[in-house]
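Top line first, the protein sequences correspond to chains A and B.
Quick note: the first sequence uses the numbering used here, first residue 3, plus one each step.
Quick note: the second sequence uses the numbering used here, first residue 28, plus one each step.
Bear in mind the hints are in silico, worked out from the structure with no lab data behind them.
There may be inaccurate statements among the hints.
[Unchecked claim] Beyond 10 Å from chain B on every Cβ pair, some chain A residues (computed):
hint : residue
1    : Pro311
2    : Asp352
3    : Gly367
[To be verified] Stretches of chain A that chain B covers, calculated by requiring three or more beta carbons in the stretch to come under 8 Å of a beta carbon on chain B:
hint : stretch
4    : 53-67
5    : 262-275
Positions of the beta carbon are idealized from the N, C-alpha and C atoms, including for glycine.
Here is how the chains run, residue by residue.
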Amino acid sequence: MTDRHQMRRLSIIGALAAATLTLAGCSLDATSPNDPNETDVLKSRDGIAFLAVGLQARFADGMDDFVYPNGLVTDELGATTLALPSYRDTQIGSLVPSYDPVELPWRTHYRTIRQADELITATRALPVDDVVLDTATKNGVLAMSYLFKAMSYGDLLQQYEKIIIDPENASAPFVDRATSLAYTNALLDSAAAIYRAQPAGATFNNTIKARGFDLRNTIFAMQARYRRLAHDDAGALAAADSVNQTVLSSMPFTYPQTRNPINNLSLGAGYVKPRDQFRLAADSANANDGRKAYFVTVAAPASFYPAYPLDEFNQYANRSAPIPFYYPGEIALIRAEALTNLGRLPEAADAVNAVRTKCNAAPTGDPEACLPPLPLASLATPAELLAEIYTQRRFELFATGLRWEDVRRLGQVGAGLSAQRCWLLYPDSERQTNPQTPADPESPDAPSGPKSCGV
Amino acid sequence: MHRCVRRWLPTLLALAGAALAAPGGLSAQAGTTGSVRGRVTDAASGATLGGVQVVLEDTRLGAITRDNGEYVIAGVSAGAHVVVTRRIGYAAARQTVQLATGATATADFSLRAAAVNLDQVIVTGTAAPTSRRALGTSVGAVDSTALSNSGAISPDVALQGKIAGAQVIQNSGNPGGGGVSVRLRGTSSIVSGSEPLYIVDGVIVDNSSDQIVDLGARSNVQNRLADVNPADIERIEVIRGAAAAALYGSRANNGVVQIFTRRGRPGKTRVSFQSNYSTEKVGKRLELNDYPFDAAGNPVTRYDYQDDIFTTGTRSDNQLSFEGGSDLTTFYFGANYANEDGIISGSSFLRRGARLNLTQQVLPQLKVDVGANFVNTHDEFEPNGEQTTGVLTAVLFTPTTFDFHRRANGTYPFAPTGATFANPLAAIANFRNPQDVNHFIGNARAHATPLHNLAMDFNVGYDGYGLEINQFIPRNNLPSELGGRAFTAVRDSRTLNTDAVATLTTHAGDDFEFQSSIGTNYTNQRISTVSGSASNLLPSLDVLSAGATTTAGQSRVDLLTFGYYGQQTVSWRDRLYLNGAVRVDGSSTFGRDQRYQTFPKLSASYVVSDEPFFQRLKSDHGISSLRLRSAIGYAGNQPSLDNAYAYANLAQRIVLDTLVGISFSTRLGNPGLKPERSREIEGGFDLGLFHDRASLEVTAYDKRVSDLLLPRQLRPSSGYTSQLANIGEMSNKGLELLARTVNVDRPMLRWESTVTYSTNRNRVDKLIGAPFTVGYANRVQQGQPIGIFYGQYYQRNADGSIKVDPNTGRPLRSGLLSNPALQQKKIGDPNPDFLASLLNEFKFGSSVHARILFDGSFGNDVLNFSRRILDIFGTGRDAQRELLPLGDPRRLPAGYVAGRGSIFEEYVEDGSYVKLREISLSYALPTRLAGRAGLGAVEITASGRNLYTWTRYSGYDPETNLFGTSTVGRGNDFATYPIPRVFTVGARLTY
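Chain A extracted, bound-state conformation (with noise of 0.2 Å):
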């Protein structure tokens, strides 16, 4: 073998090898055209302005996961043949810590908060720009914020015993009840001063909002429904002064870009349905209520447990129907509920008797009693008031996902009862990741006779 053939040999493999270690440093960088970056977009004005859409889109995802639970927990809803086995025990009070009706409402409100969170972190960081961020929308971003975060906890509060309130903190522990309702409370006061410095502008108000859903009305709304819960009477009439009761407040959908997610389950899978216990309630307490045929139609679709049968939806028979974020009816009964408490009896029957009689009347698409009203003297007492508020809460307030907590404070939680336990259980994937997670505080099979929860 001759020196020139190694030599020769010897450069080929040379430059091979230059050529491929050249190659070596070419870049290998794919970012994705289909998805935005988390830190990309809480750096720029737009990305606040469609992640302020975006918190309301997720706080709508999971408004079915307060009203569904809870719905079946209670005497509202009822599974269907179709049903998976989540729902079905969900009825009857049976909980297994994996189960959906445990899991979402947990991760979705969660979720909804992070939102929230990061979006008034970075909202509060960015400068004042008149263009893209004037004060009025960076106020109405924030009040906003606020609000959907206060709304999860409150929703939170009313599901699970013991909730997290600092959850960006690894350790945080779960809190009692009324340091989470004071805690709800304090965002919503962050959300009505801010908008009270400065009302959301025109920006907000027609590129950001969702249509029908109403900031300033909502705000008082929440500061009344949890200032109730936490038994604060004068508190919560006030705030209920302050909500203009002939505005509706509701979040939209419009299918096929969205879907109302109770007719989703309800219409679309057909798992869950109206129980027929509302009419039947509803009739043997007034045959003439308007709000029977306002939620529900007579259909008698086949239902899992033949001793409970079903009705269909009418309220959500349309897969476009918005969900309200309150009725003024609840803010007129605790206003009633309020004033009772307060000893004003002759105004509180004015407002019971308001609830009932309301009928074609501003504002429309909430629901109508159309009832007569009850004469003063059967509303004399605070028992007799505090008796038919409940009642016109639960036939004002079908489907809401507020029915548990009144059958808590009712003390109908039990067996053969009004709902069948207190609580849901903590979520199993919180408990696998969170070593904070306390025991439950019910067994996860239902109560065998009635049970005091204690609110």
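Use these hints to put chain B onto chain A, whose structure you have.
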């Protein structure tokens, strides 16, 4: 073209040019060469043998024999040369020739049939073509004779029962292959897929089987390998694990299947026309409730819609090919037209395609070849899958008293089971789900030998397809879509890959040979999908623009992989071989901190029987050859397409009413993401007995996958629920056995048998976080095989019988809700204990050829979800027992079968089976007769595929999987399109 390639290509071309043009490069051997020629025949029959590879040892020179058995090797330098012949099924033979300058030497060979194949050349998994004897790993190889007459319409289906250690499952009987899932040495991943890497002539091809359109939830569509025509295939090589596949780096964890297409050989142009005609039938039908009374004892009419749904399918498969060439040019052209009408009315598959392969010796030192394969397929799918619009689904879900037939007014009644469920007869008559695919696979390769001991290969490959799939539900056919619905998805997939490798062979004395290789590989894959849907359609129209409301979507994924490798082989006296290699791989899917990963391998092979001391054993014990081998290697598995950007924290688009917003994801990005990594150790031996008339290949392996990608569960209260992370571990241990025998080798009868046996034990060794269930009941649990069935079970009496509720007579399900840990348990395992196959081949004289292949899977369970639905809806034969008159001993209490619906234990069945996978009988007309008809040869074949199944399984077919290629979701049967029995007659005419 990607900038990496742009930068790389000129460098390489310049390099190749320089090597060739270098002084003396071209002329080094000119004027001093002669040629070697000869003829090769079969020793038993004396017939000439075409397609025999004849090479000169220690050079890159060689030729393939023509049909008349003759070959010529030109450009041979003067001196002594060893001529070696290789052909599958025959023992290698060697002769030494002395060649004078400018002269021609003759070397004729007469080859003996042999079951040992130590000299077969393997290309896959090594930097340079290597004979089997030098490989430290076991490689599966199947040649065209084993693929033809298989009755399979796609090449992956044709592999069933032919490779030890390969579990090839046809997921459904959908026309066009039905979706195929291949597991080589078990499952090696949970979230990144466990299908092997497919390569066609050096081109990495996309074999995805994504369900782009929802034909009824989890319907099994075909995978894109269905576009490759089995008749074009010359041979398939299968390397099963990391030890053999380390050179493919981060994509080879699941093994590699390389397909080589026909390239033609010198000689008279051979024109061949083959036409097959098949009929297809459903193997078995479900027994439905046909009791003529209802629960109240009133007479009722009952219907069995299987009568309306199943039909006799037909298939025709036509192939025209030309092959031939000169000593400098060879070509193969094949055109194919296949049409399959499936056993479910209205389902069909049509494939039209052609392939051209051209090889040209441009210069004595430079050979180029190009391959181009264009295919168009058209499918008509019928809705199928677990829910809603599926045709068979409706049979399970609908009580047999319901009349689906078309009414006098021309309309079909809606299904009684829900607004989203279809009337199956309306679905067959009115729904349409057409799919069109235009697929091109092409490659261009240059093979240069600038020096007699230096070979350089450069290959550019392209695999691209455009797929359009549509779904059309006309108005008034589905209650949930009364206005009708149209859906269209268009996918464009492009994979470009470039490979370069150089191999230098040197010697040290007479005993040592060194082979050094370096190479690079770059792959750029882009998959882009555009989809749209419309509802409330104008009457009779099925395009998106006919709808009142329309939606659209688009996604694009880029995958970039760049790797380089080096390999060093040392061989000692052609009997001891050591091989070491390293590949370094980078991928766009890895986190920046983990961009480049290293995959080494080491292997050894020792042909003990070539040792002088072994000669005595040979005669004494009938052992004719023995080779020992062992290897260790590492390979990876990249995050799948779904997780191509999982290293980043990505937000998502979310729609609020009519506004668009951004939603934060629940998945946290992982900047430290890297490939799953498996380390495989294998060892084994190849034994030849009785003058190599019998061979036994035994291989044991231990494959451990670490850095297994799994979603790490995060605290949901943080707002995140998971993060994809390299946190798991899994292992596969197993044994593979391949035995071949030439039982009889006489002029009038050759009888050969092949047995494969393999067993694999999978175990999830480490799982961070809680066990989880995929699909219905497939569980991932530490310490258990992947995908075990896990669920509720019967409460039992002391004697083992099922405990029933004393009040209702219904069975009691396991556990109490208050003790969920006790509620569920392992109730089955879809992983087989072992797989086995038996092939017998007979050649009677030169004209009659028979093959019979049995293929079995043993010890695997199947979750029969179809039967569960039959129970819940009272549709099946068991539900009928509740209707029997009181006092009938077979009567079951009312609600019994529906009551066991949530007890999954009931539906786990033994899915073991043995199938008569292939049987064929061919008759070649005597040449004299064929010649009289103006033909070279005429062959007539009758064959069958999946003609009979021996099984205890109660459903259509235990070979099925609703979840397709899923890693965890295995062995689920739910309204799946059954695999048909296929009878074929065919003829091949050759000019």
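Here is what the structure says about each hint:
With a least beta-carbon separation of about 18 Å from chain B, Pro311(A) lies farther than 10 Å from that chain, consistent with its non-interface assignment. Distance check for Asp352(A) against chain B: the nearest CB is about 37 Å away, which clears 10 Å, and the non-interface claim stands. Every CB of chain B lies more than 10 Å from the CB of Gly367(A), the least distance being 16 Å, so the non-interface label holds. Coverage of the stretch 53-67 of chain A by chain B holds [criterion: at least 3 residues with CB-CB distance below 8 Å; count 10].
Three residues within the 8 Å Cβ limit are the bar, and the stretch 262-275 of chain A against chain B gives 3, so the coverage statement holds.
When the structure is compared with the earlier hints, no violation turns up for any of them.
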